[in-house]
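**Q** For reference, the chains in residue letters:
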Amino acid sequence: MLIEAAILIPAIGAVLIALTGRQPNLREAITLVSAVSMFIVVCQIYLALETGDALAIEILEVVPGLSLAFAVEPLGMLFALVASFLWIVTSIYSIGYMRGHHEQNQTRFYVCFALALSSVMGLTFSANMFTLFIFYELITLVTYPLVTHSGTDEAKRSGRVYLGVLLGTSIGLQLLAIIWTWTITGTLDFTEGGILAGKTTDIVIAILFALYVFGIGKAALMPFHRWLPAAMVAPTPVSALLHAVAVVKAGVFTVLKVTVYIFGIDLLATTGSSEWLIYVASATILIASIIAMSKDNLKARLAYSTVSQLAYIVLGAMLASTMGIIGSGMHIAMHAFGKITLFFCAGAIMVASHKTEISQMRGLGRTMPFTMMAFLIGSMSIIGLPPTGGMWSKWFLVMGTLEAEYYIPLLVLLISSLLNVAYLLPIAVRGFFSEPDDMSPENRAQGIKEAPLPCLIAIAITSLGCIALFFYPEPVYELMKSIVN
Amino acid sequence: MISQHLPVLQVVVPLLFAPICVLLRRHNLVWGVVLLSCWASFVIATLLLQQVLTGGEIIYAIGGWEAPWGIEYRVDILNSFVLLIITGIASIVITFARESVHKEISEDRIYLFYTAFLLHLTGLCGVVITGDAFNIFVFVEIASLSSYAMISAGRDRRALLAAFRYLILGTVGATFILIGIGLMYVMTGTLNIADMADRIRDVQDTRTIVSAFAFFTVGVCIKFGLFPLHYWLPNAYTYAPSIVSAFLSGTTSKVFIYVLLRFLFTIFGAEYAFDTMHLDIILMVAALLAIFSGSIAAIYQDNIKKMLAYSSIAQIGYMVLGISLVSVTGLMASILHLFNHALIKTALFMSVACFFFRFDSVSLKDLKGVGRQMPWTTMAFVIGGLSLIGIPMTVGFISKWYLIVAALEKDWWWMAALILLGSILAVVYIWKVIEVIYFQSTEADSQPVTEAVKFQEAPLSMLIPVWVIIFANIYFGVNASWVTDISQQAAVYLMGGQ
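If you read the sequences in order, they're chains A and B.
Sequential numbering from 1 applies to the first sequence in the working numbering.
Sequential numbering from 1 applies to the second sequence in the working numbering.
A few of these clues could be false.
Claimed, not checked - Straight-line Cα separation of at most 16 Å, EDC-like style, residue types lysine to aspartate or glutamate; simulated pairs:
| hint | chain 1 | residue 1 | chain 2 | residue 2 |
| --- | --- | --- | --- | --- |
| 1 | B | Lys432 | A | Glu450 |
| 2 | A | Lys199 | B | Asp366 |
| 3 | A | Lys355 | A | Asp202 |
| 4 | A | Lys199 | B | Glu409 |
| 5 | B | Lys368 | A | Asp189 |
| 6 | A | Lys156 | B | Glu435 |
| 7 | A | Lys199 | A | Asp189 |
| 8 | B | Lys432 | B | Asp366 |
| 9 | B | Lys410 | B | Asp205 |
| 10 | B | Lys306 | B | Asp366 |
Hints in this document: simulated from the structure, not taken from any laboratory.
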């Protein structure tokens, strides 16, 4: 019951939101209520998992051998917890942002948002690759109206890139891999240790694995990363929750699921099928970081930073080592908190001071001290500095490279951290220590001008979350550890 | 008692009601009669399928004259399934038709149009149900002649040329079919399909049978519009009244693919057709060319009906591709796609009919931003489009899944990749429409418009049938076991009958 509840609550929420579209207060209350109740349900599932009561349910058999089924396992649990918690925060934030920014079509926005979360829940609890694929495609389709929200020509163009890359890779590569797996093994169930071992030749395994990894376009591995910067045309709450947390993490989550439960890390380690992909991921990390440095638009810079951070997670999976998997899983949570904070700040800056370019943000710390402080904390978490949670995932990723004895990726991780410092820290530092460009007297006298209160509350929660995860990483670590043992 | 005579009633019911329509003339009354006889046919088809599933093949001798003297009807798992498809589509289309026909066809011809509709259904049912080769030709002609009449019934004068072109090519096809059947009759001395299948083995290496095979195959391929014999199809679907496009796309091509299956597998036998004559290679190349030329042509269309027509050519390619794999799974995918594509295309053509009903045009430039004015129709079009692309939870996904499984069973991964590439092309042409109908604004939007003008959805009598079939698209995509089971039985039956 709990699993269905987690998927249905946001879906029912979406219907109610659509019905109450004319009364904004009621509509947003429903959003909050469904977010909170979904989180409570997910927590219940977590407690059930802790007590060893693994939930599983089969809804129906679509055709013989292929069923729509759900099951709870630690990796999905972690993702569900992160996504459902951050939905509450984002809902609070959206209320401030969407009103402060006078966006059009707010009802459609909230409806699609709730539907996206419903699909994400379906994805996290999928018991087999078939079910996962259904929800993977649903996420793409329900987020498309969010990307093209403004309806401008630019939004339409971006929507085309978004849909083209995500549907193209998933239909052209991933679906092929799924059906191929099915013809080889006759099952698509996620099984500990994988289902492919001993079923086929090493070459087929290598091809299949590449089809999966590139076919999961949501993981934004180069060269299929273009959709993510394109998606930044969406309103900021969408960029924050969906394109820093839910959608992109759905991608890397799928990569991890496939790695651990379809192939099994032992099979990958013995066949070496994932070896060359380590270097693809490493290249993505570096190239995306360098592109991020060249972007002056804040959201674009954050988008490329996300591409690079997602490649960390893929890299961890490709290492096919225990520590690598732990690091990857933890990075899903840590990066989520860090990046959502940064996007919230970017949105707050846009609402309060209408600035989108980094070069305009000198001295912004004087008028928006709170936002810039949070931005600093978020940056530190992305870079991986204590006292923020980002440190732990990076620690385990580094351990993973050492364990698997790959030294080039180790070097890449170190260089990338330096690049992160170079493209993130100056924003906050200049905000506090540089003089504003516009030094006219009335501008000086303006004093503090922060974003609306709901935005600030949301920012406070996530940035404190970054710090809390430094001191209490235990639950995340335990969940991930139970996967590899 | 009556349940014994269901096979003949399947044909007789629409055939008898057709002349009654001419006598009644008042178009609402005629519509009621046609509606009733279509649904009656559907009930008969359902009962027949049930009988076949429980009791196996039904053999019915017309007028009590046993074959080979008389004509016999044979109902097995394959043709009872095809009967279910065509009568089901006919029923849903006719339920939808009243308002649309009233708008698109001039008043004095409406009763004739409905008559042609029933005769077409008669022809199709007859082709499918009969166990006699010459009888097939007769019913093919009934179905074809009535379809030329239906296509040219609309107000669009371009339909006349399209119908004429279809008439010429369709007659060539029918003549080829007749020549093929004639040559087979000369060599085997029988017209009964079952007898013919027995006797053709002894004479199959003669030049006469080789010619018969060639004539027949080409004739049937013209009829269902296999690339490169599809020349008549796009214009016929485009300029015909909307309701006709919906009906023909869902039924006619399916029936002729059935005829191809029946002759290849039951009469000639898979071994002769594919090992001796190597038809599989010809069909495969033609099917792949159909998929790509059809899909690419669809991308460049501004007229939505024409786009869907080209998409039909591509979809026919998928069905033929399944046949060309010559395996149980491949055939199963083809038979499954007969059913699924009927649901998809009829849904799409019906929602386009709703657009035409309100805006008198199916050209993209006239449909900018209709998503706001006709939200339910547009939503139906989107879901139908997703089904055409093959998004999971829709019927299109199920067919594509089995087709790819069939290709991978042979280790033809390149073919699997090509099939998927075809789906991606479908994304392009469907999304082109979705962008226009949702995001581009109409000129009217720039002026202040009242709420009443802004919201002009199609009438409920059209919307409900559209949504019924959209629901079927989702239902059979989620709970596909029943359909896949029947398709598999039919495929095993065909492969086992060689």
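**Q** Could you tell me which of the hints above the structure violates, numbers in ascending order?
**A** 1, 2, 3, 5, 9
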